[in-house]
Amino acid sequence: MRIISGEYRGRRITAPNNLPVRPTTDRAKEALFNILGHRLDFEDTKALDFFAGIGSITLELISRGCPDVTAVDKHRDCVNFIQKTASELGMEGLKAIRSDVFVFTERTPERYNFIFADPPYDLMRSGELAERILERGLLEANGLLVIEHSDEEDLSSVKGFTEHRRYGHVNFSIFEI
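First residue of the sequence shown? That's 6 in the numbering used here, and the numbers climb one at a time after it.
Calculated from the structure, these hints are not laboratory results.
Honestly, I wouldn't trust all of these hints.
[Unchecked claim] The calculated lysine-lysine pairs, modelled on DSS-like cross-linking and capped at a C-alpha distance of 25 Å, are:
| no. | residue 1 | residue 2 |
| --- | --- | --- |
| 1 | Lys51 | Lys79 |
| 2 | Lys89 | Lys79 |
| 3 | Lys164 | Lys100 |
| 4 | Lys51 | Lys164 |
| 5 | Lys51 | Lys89 |
| 6 | Lys100 | Lys89 |
| 7 | Lys100 | Lys79 |
[Stated by the list, open to error] Pair by pair, the computed Cβ-Cβ distance ranges are:
| no. | residue 1 | residue 2 | range |
| --- | --- | --- | --- |
| 8 | Arg44 | Ser161 | 15 to 21 Å |
| 9 | Arg81 | Glu115 | 19 to 25 Å |
| 10 | Lys100 | Glu136 | 20 to 26 Å |
| 11 | Gly95 | Pro21 | 28 to 34 Å |
Fair warning: this is a prediction, and the values are worked out from it, not measured in the lab.
Ideal Cβ positions, reconstructed from N, Cα and C, are used throughout, including at glycine.
Using the sequences and the hints given, assemble the complete structure.
The following block contains the structure:
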């Protein structure tokens with residue numbers, strides 16, 4: 006994995022093989038951030054990365070100037086890896102939280118301008134997650150939610166859905182309120 010743009014552009018991040026992750030491909034991540042670049046002012050964005058894994062999206066957001074990024078993953082080793090990597094790079098503005106995502110959605114009082122979620126493809130609960138995020142009011146007005154999901158899931162009937170993008174086997178469904 007590499008950081009594509011921003012202050013830490015070009016930095017390679019190598020995660021240990023024992024982490025239970027499927028990082029977003031560099032190609033798909035670059036396409037996603039091209040979309041986001043036209044919709045978000047990163048320097049004014051409070052962001053949340055669900056199922057953060059090794060922090061590919063989290064680190065990219067910070068590199069592009071997001072001052073407040075929260076990464077949530079239930080795996081201790083993933084959270085530790087994100088914290089260690091951000092510290093080694095000298096990144097600020099990161100909160101890495103070990104929690105089940107569905108529990109976090111019920112407990113957090115925070116609201117975000119941008120939320121990215123990359124649940125395990127075999128979870129097959131992406132639609133439920135999108136609905137919960139929107140129902141709980143985790144997105145600020147004019148906020149943007151992006152969910153990465155498998156080819157088997159169609160999220161177009163979920164409230165707030167605005168568009169679908171596909172890059173190989175990587176699918177992004179985009180929601181706005």
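Hints versus structure:
Among the hinted pairs, Lys51 with Lys79 is consistent with the structure: their alpha-carbon atoms are about 21 Å apart, no more than 25 Å. With a C-alpha separation of about 16 Å, the suggested pair Lys89 and Lys79 falls inside the 25 Å cut-off, and the hint holds. Annotation: proposed proximity of Lys164 to Lys100 is violated, straight-line Cα distance about 29 Å (limit 25 Å). This hinted pair checks out: Lys51 and Lys164 have alpha carbons roughly 22 Å apart, not beyond 25 Å.
For the hint linking Lys51 to Lys89, the alpha-carbon distance of about 21 Å falls within 25 Å, and the restraint holds. Straight-line distance between C-alpha atoms of Lys100 and Lys89 comes to about 12 Å, which keeps the hinted pair within the 25 Å bound. Pair hint Lys100 plus Lys79 holds up; C-alpha atoms about 14 Å apart against a cutoff of 25 Å. Roughly 19 Å separates the CB atoms of Arg44 and Ser161, a value that falls within the hinted 15 to 21 Å.
One distance hint, 19 to 25 Å for the beta-carbon pair Arg81 and Glu115, holds here, with the actual separation near 22 Å. The hint said 20 to 26 Å for the Cβ distance between Lys100 and Glu136, and at roughly 25 Å that hint holds. Checked against the hint of 28 to 34 Å, the C-beta distance between Gly95 and Pro21 comes to roughly 21 Å, which is inconsistent with it.
Checked against the numbered hints given earlier, this structure breaks hints 3 and 11; the rest are met.
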